[in-house]
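Colleague: Residues per chain, in single letters:
There are 6 protein chains.
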Amino acid sequence: MAKKVVTFGEIMLRLAPEGYYRFVQADKLGATYGGGEANVAVSLANYGFDAAFVTKLPKHEIGQAAINSLRKFGVDTSHIARGGDRVGIYFLEKGASQRPSKVIYDRAGSSIYTAAKEDFDWKAIFDGAEWFHFTGITPALNDGVAAICLDACKAAKEAGVKISCDLNYRNKLWSKEKAGQVMGELCKYVDVCIANEEDAADVFGIHAANTDVTAGEVNREGYKDVARQLADRFGFEKVAITLRESISANDNNWSAMLFDGTDYYFSKKYKMHIVDRVGGGDSFGGGLIAAVLGGYDPQASIEFAVAASCLKHSIEGDYNMVSMDEVAKLAGGDASGRVQR
Amino acid sequence: MAKKVVTFGEIMLRLAPEGYYRFVQADKLGATYGGGEANVAVSLANYGFDAAFVTKLPKHEIGQAAINSLRKFGVDTSHIARGGDRVGIYFLEKGASQRPSKVIYDRAGSSIYTAAKEDFDWKAIFDGAEWFHFTGITPALNDGVAAICLDACKAAKEAGVKISCDLNYRNKLWSKEKAGQVMGELCKYVDVCIANEEDAADVFGIHAANTDVTAGEVNREGYKDVARQLADRFGFEKVAITLRESISANDNNWSAMLFDGTDYYFSKKYKMHIVDRVGGGDSFGGGLIAAVLGGYDPQASIEFAVAASCLKHSIEGDYNMVSMDEVAKLAGGDASGRVQR
Amino acid sequence: MAKKVVTFGEIMLRLAPEGYYRFVQADKLGATYGGGEANVAVSLANYGFDAAFVTKLPKHEIGQAAINSLRKFGVDTSHIARGGDRVGIYFLEKGASQRPSKVIYDRAGSSIYTAAKEDFDWKAIFDGAEWFHFTGITPALNDGVAAICLDACKAAKEAGVKISCDLNYRNKLWSKEKAGQVMGELCKYVDVCIANEEDAADVFGIHAANTDVTAGEVNREGYKDVARQLADRFGFEKVAITLRESISANDNNWSAMLFDGTDYYFSKKYKMHIVDRVGGGDSFGGGLIAAVLGGYDPQASIEFAVAASCLKHSIEGDYNMVSMDEVAKLAGGDASGRVQR
Amino acid sequence: MAKKVVTFGEIMLRLAPEGYYRFVQADKLGATYGGGEANVAVSLANYGFDAAFVTKLPKHEIGQAAINSLRKFGVDTSHIARGGDRVGIYFLEKGASQRPSKVIYDRAGSSIYTAAKEDFDWKAIFDGAEWFHFTGITPALNDGVAAICLDACKAAKEAGVKISCDLNYRNKLWSKEKAGQVMGELCKYVDVCIANEEDAADVFGIHAANTDVTAGEVNREGYKDVARQLADRFGFEKVAITLRESISANDNNWSAMLFDGTDYYFSKKYKMHIVDRVGGGDSFGGGLIAAVLGGYDPQASIEFAVAASCLKHSIEGDYNMVSMDEVAKLAGGDASGRVQR
Amino acid sequence: MAKKVVTFGEIMLRLAPEGYYRFVQADKLGATYGGGEANVAVSLANYGFDAAFVTKLPKHEIGQAAINSLRKFGVDTSHIARGGDRVGIYFLEKGASQRPSKVIYDRAGSSIYTAAKEDFDWKAIFDGAEWFHFTGITPALNDGVAAICLDACKAAKEAGVKISCDLNYRNKLWSKEKAGQVMGELCKYVDVCIANEEDAADVFGIHAANTDVTAGEVNREGYKDVARQLADRFGFEKVAITLRESISANDNNWSAMLFDGTDYYFSKKYKMHIVDRVGGGDSFGGGLIAAVLGGYDPQASIEFAVAASCLKHSIEGDYNMVSMDEVAKLAGGDASGRVQR
Amino acid sequence: MAKKVVTFGEIMLRLAPEGYYRFVQADKLGATYGGGEANVAVSLANYGFDAAFVTKLPKHEIGQAAINSLRKFGVDTSHIARGGDRVGIYFLEKGASQRPSKVIYDRAGSSIYTAAKEDFDWKAIFDGAEWFHFTGITPALNDGVAAICLDACKAAKEAGVKISCDLNYRNKLWSKEKAGQVMGELCKYVDVCIANEEDAADVFGIHAANTDVTAGEVNREGYKDVARQLADRFGFEKVAITLRESISANDNNWSAMLFDGTDYYFSKKYKMHIVDRVGGGDSFGGGLIAAVLGGYDPQASIEFAVAASCLKHSIEGDYNMVSMDEVAKLAGGDASGRVQR
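Protein chains in written order, with our numbering: chain W, 114 to 454; chain S, 114 to 454; chain G, 114 to 454; chain E, 114 to 454; chain B, 114 to 454; chain V, 114 to 454.
The hints are simulated quantities; they were obtained by calculation from the structure and are not laboratory data. Some hints could be false.
With a straight-line Cα cutoff of 25 Å, these simulated DSS-like cross-link-like pairs (lysine-lysine) come out [said to hold, decoys possible]:
(1) K230(B) with K267(B)
(2) K116(S) with K172(V)
(3) K442(B) with K172(V)
(4) K116(S) with K285(W)
(5) K384(V) with K384(W)
(6) K285(G) with K442(E)
(7) K337(E) with K289(E)
Just a sample of chain E residues kept apart from chain B, beta carbon distances all over 12 Å, derived [claimed, not checked]:
(8) K141
(9) D256
(10) E271
(11) E298
(12) D338
(13) K382
(14) R451
Listed next, with one range per pair, are the computed distances between beta-carbon atoms [claimed, not checked]:
(15) S191(W) with G446(V): 45 to 55 Å
(16) Q453(E) with A221(B): 24 to 34 Å
(17) G407(V) with E271(S): 35 to 45 Å
(18) V216(B) with G407(W): 27 to 37 Å
(19) S449(V) with I360(S): 24 to 34 Å
(20) A221(E) with D234(B): 29 to 39 Å
(21) A237(W) with S288(S): 38 to 48 Å
(22) G257(B) with Q453(E): 41 to 51 Å
(23) D447(E) with D234(B): 31 to 41 Å
(24) K267(V) with N366(W): 50 to 60 Å
Here the structure is a predicted model, which means the values were calculated and not measured. Note that the Cβ used here is the ideal one computed from N, Cα and C, for glycine as well.
Using the sequences and the hints given, assemble the complete structure.
Modeller: Structural data, given as structure tokens:
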């Protein structure tokens, strides 16, 4: 029987011009759905886990369409509260070459912003669950949602559920000070912390000590130092740090490091030609949870997580639509892209 | 030199599934722009008038795209205030046969909601103008916008500018009581009042007196009575009432009546096979203003306005993209739809 | 808690040129999924029932996409057997005016054709269920599937589950003789029989006795006679007959009759402008099951079923994507298609 | 072995906005090919005839694409001269309801305009042929093309090939006087003349004598009189007249009459819901030639020709893509549009 | 007069999601046609040869559409047998970056599988022909097709027609043993053998002797050894081997070698950014046949063939749509991709 | 208040297959508008300048659509003459990898070809203007247009307006001799000359003296020599030369040099992954004019111009749709393409 994972956060309507069109050229917008924790839930459902996503969505058809987008992949949506007026929106313009991608958020006032504690029965939600995941975006929405997030963490801990958190700092949503304060409280409950190169500094003011940051090469010692500081401060079991090198909007290098409290495990680095970069970090989280729940050793775990997110960059939309087998094959070394007949 | 018309209100991003797809089926949404007063401005620009549209829009690319959609047709957008966070949105699902079209509004908190009186220099805006138009939707947004609307009316009157108003009652935006109170104040400044079958009753509680409402045939006496009551109460120079008979989502009959304070002028009735019904009423307003400013007599005016809006129903999007010549040809009696080579 | 309904049959990949393009013009094919019993399951899931669809599908991505198309609407797909090589296909060219729609089947050898009795644990499948539905297409596939269908009927009866069957005769799949023999055996277990104007004659040789068939008007006495004969021969609790008048590929009239063993209930007749006619009959079945399970009286049941299928004709694809409320509104008499804001 | 038919004229690139979009809305244009005589050739190839189309086209890729569009349907393109600079273009905006379709021609200077007599070896072209068809558009292009057309007629007559001509008067291309003079010369060679309601008057000044033209009903006597006058003046074996009643851009009635020198044969009348009206007349010509070459009697011929063109109105693009069987089925009376499985 | 080439095999309907969408995301599938030998026929028709493709296809519209796809490019389809029930299908998901392309075959039971010897009159087919081409896929379909293929080879030899064969081993269709046995028999008739890096080993167990296979560089000596062994065993006049280096799904290097029984000719190597990789090998075959029939010397022949297939990788669909001039220009050294005005 | 810039030339309808489709595959063509001077006007309008574009366009809807495409971006179209019959067209097939892009012009006889001197009141047009820009394409159209261009230069000079010219030699439009003669005359009025690597040689026979042209590296001394010769011969204030290295149709390197009469300023070089290369040179011109009018120093000017055109290569269509801020950010060194949230 599949292991149960719960994620909590906002799912938004993503509106994106086709191909490389700029916003001003678009008379059609691709309409899909996504959000940090929803993306992780879909990843895990595609790997065969029993993944439940928790949020609040309006009762109207746009809210329903968001739910259907999750059900399509087998995500359990039965704990989603219904109510409020709107689905948060983000507009995405895909960049190319030297032109960066652009995201315009229009999420204020969405249903999850207006959620009340009573909307979620965490005890029931965590019944049978083994893992809970959220990101730093969720508590950043507003104080109410942050309080619900804290509720969830406490309930998870009580139920013996492991907790992972992707720091995911967004400066449009809150200040570094506020983030540090709220996330500091939440991180006390977290077992596995995920961050990118800048999150630790932005949220917690943690910088690599005594390292020479040389442009153009991965600063291995710096990342190790940051991971250890994070683990030391919050008692994380594991800290994973993703490393993105942005050559251009089309070409990125991608790798990661996992610290298990003792040792540091660096993954292979992939040179990616990007189809869709959004959700790349979330697919890393989904891969890492799958690997850890699957009992992979640390090196295998970080390789799986990075391979999973490498594949995500080749897929349109926020959701990572790959199977365990596909990830395993890439993690196992076959990156040639040869046709499979 | 072209006569100048000013309209004021909200322009929204319209998101609509292609063809007859339901919301839940759509992974692409047509993205156009529209709104009662913006639609009237585009109509008039297409007829060759110097049409200015006034609103407030955010500085980001979605706000800019709304502006560009107007500039494309030659609408003067130089008086649009920039600021605030979001463009109002409405989702439109096109109905077919017995299945009705469906509109979901997501407009709360848009830039125009947050507009301040200082955003608009009405004296400058009305410089050289001959006509000002707004609809009952604009003051319904909130009290601040209603106050700005009142400012505009006063400034228009001082500048000797004619004012038209389409009552356009929307029960999602305000109650009948509130509408009656606010619109009652505004209508004191209005010269030409436009309404559909139900607006007069909804907003002002004006019902046809002593008439037999026989289902299935146009109740001519009732409309005449309502128009006179409206004119009597507010001193309107002209009252125009549109008459829609909805056979199905695809087929509507469409006609109208104009009261000039003395006589009642009924238009031809068109049996329309609908391409896009939204903006149908606005295109009537645009046609009527064009006809009156063009010096048409009352019968010619109402025929022009109805022909203009009849053509709108054959056009995708909120905007009516027809020329004076095209409307005149239909108003003149050629409704055969024969190919023009 | 929602009532559980089970349906069993084939789900196919439907490949259809866009709009009114002919096959020979199409370099793109709309790819959706559908099949008599799958369509009924989706209808019921959309009405809020706990609908399970049972079939066999290959393990590859096309099989998975068929499953995802069902999960999207909340259909329980956990009892679908996985194996075999292919998903059945049908090509659909939409007709217009005097040009008929055209269906080309390419279903032979699909996974369900190769299903074994062991693929389905009917006892588990019917656990908690209240209704079982299948159509005459399923046993027509081949003898193996017919035998599985008989298994299912027996298991349903043992579990106290009501059984409905839509006769749905397809002459491409089997002869009238063979159909009569196999369906005769299965119908012994059926409680509610659904048929169109010709099925009873094609499958069972049942014709209306002593009636004048007058072209151009609904032959009410004939339908009553056929329904009674069907009920008499097989002991059906209820017999529903749908009546389609095909004016053109675009315009059909649609109504139905329900016989409850005692009385005959005729529905309203709808003049439909067709968006997509395929799945029209299935949506009638879905509506009828919903109404009966919902405890509607016979007149209300037949009105609901016909209104449901009327709406289906306005929706692209095999699946009927309407809510209880939408059907109830139309059945209640509002067929004007007016915009709902 | 298939009978050989030759047609001669211009084939143009047709650029049309999708659906009912106006030109000003289109950022995409459907790109197909068509022209009076090319359309007839495709009709006949689809019926199984050996149809050759003769024209001149540039050597570049747009010219080649025009040829490929014909080869796709099996039209013999081996006699098409290559040279000149451009493919003629026509822009088509599809009308709806009261809004007419609009055609903008951009054909001047196309390769066929610059053709020389030496470009075509008519003796070789007519080798083995039984029929030659052209329309009044071809000689209208310019004097050079008219002279080539006359060459072709003479060569056809010498080779014992039957000649049909669709008068097809286009006032954008030439005056009535010029048309009368040139067509008068060409018609001396013509055996079968095709015209619509107005062509005979426009080109030859032939009006119905002594008839009451009653609006709203087909003026049978008038058509008979015109056909006889045409036959008398030019010695045509057969005269066919098509009768279009334009209710709206979406709805037309369509029928025709054939005069065989002795008797008058009127076809059924079809009420058509139009998908694409362009090429409707050409598909009538193609149907008529097929019927006559197939040895149909006059009534069967006119029914076949009208049914063929009725079906064309349900098909996108200039080309009629229907088989003999499909036309025969409609001509035989099945106009119900029921799904064919 | 153009030289005549005949190819024999299966043509399939290719169904592919747009862009880089995964199967599970696609609600639209690009519908084109292709197959090893059909692709070669189209290449040659585009080069100006008289190319005939022989196969069996059903009489219905999908079969006809496959034929039309070939006629469009001028391929002679007059020898295609009509009958059977289905067109073989393959589903293609285009890979990107580290994610490989995926092909799902659904070809069993297609019309060509059911072909009988009597369906093809090889003597008539080869009348006037100079070349016959087939691939190892065709005899792999089943024993019946293999026998027909042998018939064709014998008839070609008798008619003095050169024969080429692309080994093209597909492990989904047959075992290596079976392939070796059947292909061994057929290769006795073959003059020109085409293979990729692995075919010789898979089909005939021929491996490079005494060579160091160093990863990452082209193993020139090994390819020479394999080519000589192939020529020695079967008496081939020429052996061509294509060399693909797969950097990622987007980026491949491509080159080839030709052995003419005496000397070895290596082509330039192209670094390709891939638009569509399917049909790449077939376009090499088409280029090689064109070059040999055109009398090119060995070095020019292999350069032409590789340039032809390099261009194919930049073109959507199975068919290579390039002219002799375009290939010659690239083979001549202009690979800059500069705009040609 | 925004500075006013005037440009004069032809605007064409651009018809391009989607993605990488070849012309022969396209049944849909993207329909946008562009032309050297129109593109510059749009660039400048997007930067906030008051940009007016002058040309002649037909009165019909295609002409109007060209105007609307400019108005959308705020370009002043009030000086465009209306008349003539056609909008010039160019067909664009986008190349990929080793396959070059292909342009087919169909512009002869367009409205601007038929323009008369009286169509333009240059005195009024230049009222308040600070800059006039044209390219070598405009006088190349025909002698009439060349004469109008000379008129414009004289009027600009009289009005104290700076003049820039992009030599832009097109051998399809005129010979080198003719170009040299006409451009020689016009260049007497020009202040800022823009050219690519080959224009100076093609138009004026100016070659780099005494330099070793080493393939594969930028020949800095040669460019400096050419720029000085140009400045010496015509007295240009500034000469800008763009340097394109074409690796493939997808990948180009792009840089430029500015000579201000004294010193030579070389820009950064960008490695671009191309979305749409057409209009790349025009966007350089637009950037340069903006920088010079904005008072940038020479190094900042050439960096701005190259960054602007680098961004253009990432945007679909002829028009460069970027803001001052976006260009400044890239010119300032951020070419990482990281997502902007």
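Colleague: Confirm or reject each hint.
Modeller: Do the hints match the structure? See the list:
no., hint, in the structure
1, K230(B) with K267(B), "holds (13 Å)"
2, K116(S) with K172(V), "holds (21 Å)"
3, K442(B) with K172(V), "violated (43 Å)"
4, K116(S) with K285(W), "violated (45 Å)"
5, K384(V) with K384(W), "holds (17 Å)"
6, K285(G) with K442(E), "holds (20 Å)"
7, K337(E) with K289(E), "holds (23 Å)"
8, K141, "holds (15 Å)"
9, D256, "holds (34 Å)"
10, E271, "holds (28 Å)"
11, E298, "holds (37 Å)"
12, D338, "holds (44 Å)"
13, K382, "holds (29 Å)"
14, R451, "holds (18 Å)"
15, S191(W) with G446(V): 45 to 55 Å, "holds (51 Å)"
16, Q453(E) with A221(B): 24 to 34 Å, "holds (27 Å)"
17, G407(V) with E271(S): 35 to 45 Å, "holds (41 Å)"
18, V216(B) with G407(W): 27 to 37 Å, "holds (29 Å)"
19, S449(V) with I360(S): 24 to 34 Å, "violated (58 Å)"
20, A221(E) with D234(B): 29 to 39 Å, "violated (50 Å)"
21, A237(W) with S288(S): 38 to 48 Å, "holds (39 Å)"
22, G257(B) with Q453(E): 41 to 51 Å, "violated (32 Å)"
23, D447(E) with D234(B): 31 to 41 Å, "holds (38 Å)"
24, K267(V) with N366(W): 50 to 60 Å, "holds (57 Å)"
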